[in-house]
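Undergrad: Chain by chain, the residues run as shown.
There are 2 protein chains.
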Amino acid sequence: MKWPDSVTLKEVGPRDGLQNEKKVITTEDKVAWINLLSKTGLTYIEITSFVHPKWIPTLADAMEVAKAIERRKEVTYAALIPNQRGLENALEANIDEIAVFMSASETHNLKNINKSINETFPVLRKVVQDSIHSRKKVRGYLSTVFGCPYEGAVEIDNILRVSDTLFEMGIDELSLGDTIGVANPKQVQEVLEILLKRFPSTKIAMHFHDTHGTALANVLAAIEMGITTFDGSIGGIGGCPYAPGASGNVATEDLLYMLSNMGIEVGVQLSDMLSAAKYIQKKLGRALPSHNLQAALAVKE
Amino acid sequence: MKWPDSVTLKEVGPRDGLQNEKKVITTEDKVAWINLLSKTGLTYIEITSFVHPKWIPTLADAMEVAKAIERRKEVTYAALIPNQRGLENALEANIDEIAVFMSASETHNLKNINKSINETFPVLRKVVQDSIHSRKKVRGYLSTVFGCPYEGAVEIDNILRVSDTLFEMGIDELSLGDTIGVANPKQVQEVLEILLKRFPSTKIAMHFHDTHGTALANVLAAIEMGITTFDGSIGGIGGCPYAPGASGNVATEDLLYMLSNMGIEVGVQLSDMLSAAKYIQKKLGRALPSHNLQAALAVKE
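Protein sequence lines correspond, in order, to chains V and P.
Following the numbering used here, the numbering of the first sequence begins with 31 at its first residue and continues without gaps.
Following the numbering used here, the numbering of the second sequence begins with 31 at its first residue and continues without gaps.
Everything labelled a hint here was simulated from the structure, so no lab data went into it.
Keep in mind that a hint or two might mislead.
Which copy is meant is left open, because identical chains are indistinguishable; a pair holds if it fits in one copy or across any two.
What the hints assert, rightly or not - Below are the DSS-like pairs computed for lysine-lysine, each with C-alpha atoms no more than 25 angstroms apart in a straight line: (1) K216 x K53; (2) K308 x K216; (3) K227 x K32; (4) K52 x K156; (5) K216 x K32.
Take the sequences, apply the hints, and build the full model.
TA: The following block contains the structure:
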């Protein structure tokens, strides 16, 4: 089997993680936590989302967080942006990279963004164009690639149509999301086989959820296809806050443990990641689903 | 990528799972639970261990359990046997298949069995010979193949020496255990590449732990090498009972979810497995680490 020499992990915990947690973390604690993450070796941290506080009240302090964190030059600080207004705020906050998002399934897009897929395109097109004009890189998130909670299976043609349109707008990278954690390694390879005929592997990232325990197996399937960028959420935060043991986002430290033990260079320190995971577990006040965090805590007890 | 058409899952929860749980399950509940497992489509269930109750008090009712369960002819009911005395009891209890165990690392073998590796061989040899004489199949468990809690890395020569000796004794199948859950897919393929030069893939099973979240990725790596038999513990029981979120044995239903969704025939019903997992979670009185169990419970809430 051939595996890559190095892999990039993109940390989405402060945004994708926290936006799905019930408990509100104070601005001061978010800043301290992001500062911890900045020192782990991570090169990309999605620190917040500039959406209207009505939609995600837990991230209402986006501007304050962005302005208060210590910036390190080796780290790209990104934020999720839904529209023009969000972009203006992000630029004011001196965000390094812009992330936009939509779904491959019509129903999920409608429920999540309150617009059809076709209605979403012009909104994102303007955000992407203005981001490029402001010399910002743009990352696109595509949700429900491997299954939709409302529609079930998602047609490959829908995935391709949205991917094509996002790349045509000018995004630099597309992150393919297994939003409900239903992907399996065979499906990952089948979807990637088709997508990699159109887009280079360096432009594709994978965003897996560990809901059914398959996240790292899916990562393995993806690296075998040449993918070298993976999203993770430290501690596995942003899971299903309604069930104590249920997992959502794959934990960044679980990704790191597997990949670095395979001899793949990641450039991130596991011990530093575990410190940052312990910090946020304490603040969230619940046992987080990260395997490596719980294994580390079990050893100490 | 080439994957097998079908895979066999061997259920070790009632033995390997329960022996590592603090809470004692009543004989009546064990019997009811094993009867549930018998109806899932599983073809191999390790129901107990005939070790001295001093060592594993939670399995002190081995004889009662073995005699009380409803036997289905399509299921092989196996038990773990440490010595001649255990074998006699297992034969009296009409156990279908005998499982013996030892470690690839000297220190783990000493701590676990209270004998050196060389001192263990003649004990197991007699058990294996007498089992064969009694027309019973014998499964061998080899612990700490991918790492030892006391010695760290385990030399491949030690793995080969013990594997050779066990097969030479006459075991039918060898289950390679990642006892502390430290294996990674690269290591799995490296170890299997060497072992499969000596033994056919049909004689090798993999026994992964999900301590660091890598179990299903390791399964994927192993099926790519031609392995088609995997051990699982329903609910993921037998993890680390000291830390609520920490995982040990990979959950059988997590294995089943991934493999069956890949189109690989397993012959086991996920819904039936989840029912049996819910049953034992209730009896053990703690949230079990199985991803699919927690995901199923989260949906219902």
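Undergrad: Next step is simple, just say for each hint if it's right about the structure.
TA: Hint by hint, here is what the structure shows:
For the identical chains of this complex, K216 and K53 are neighbours neither inside a copy (36 angstroms) nor across copies (39 angstroms), given an alpha-carbon limit of 25 angstroms. In this assembly of identical chains, K308 and K216 lie within 25 angstroms of each other by CA distance neither inside one copy nor across copies; the values are 34 angstroms within and 28 angstroms between. When the C-alpha separation of K227 and K32 is checked against a cutoff of 25 angstroms, the pair qualifies both within a copy, at 19 angstroms, and between copies, at 20 angstroms. In this assembly of identical chains, the alpha carbons of K52 and K156 never lie at most 25 angstroms apart, being 32 angstroms within a copy and 59 angstroms across copies at closest.
Taking the shortest Cα distances, K216 and K32 sit within 25 angstroms of each other both inside one copy (17 angstroms) and across copies (10 angstroms).
Going through the hint list in order, the structure does not satisfy hints 1, 2 and 4.
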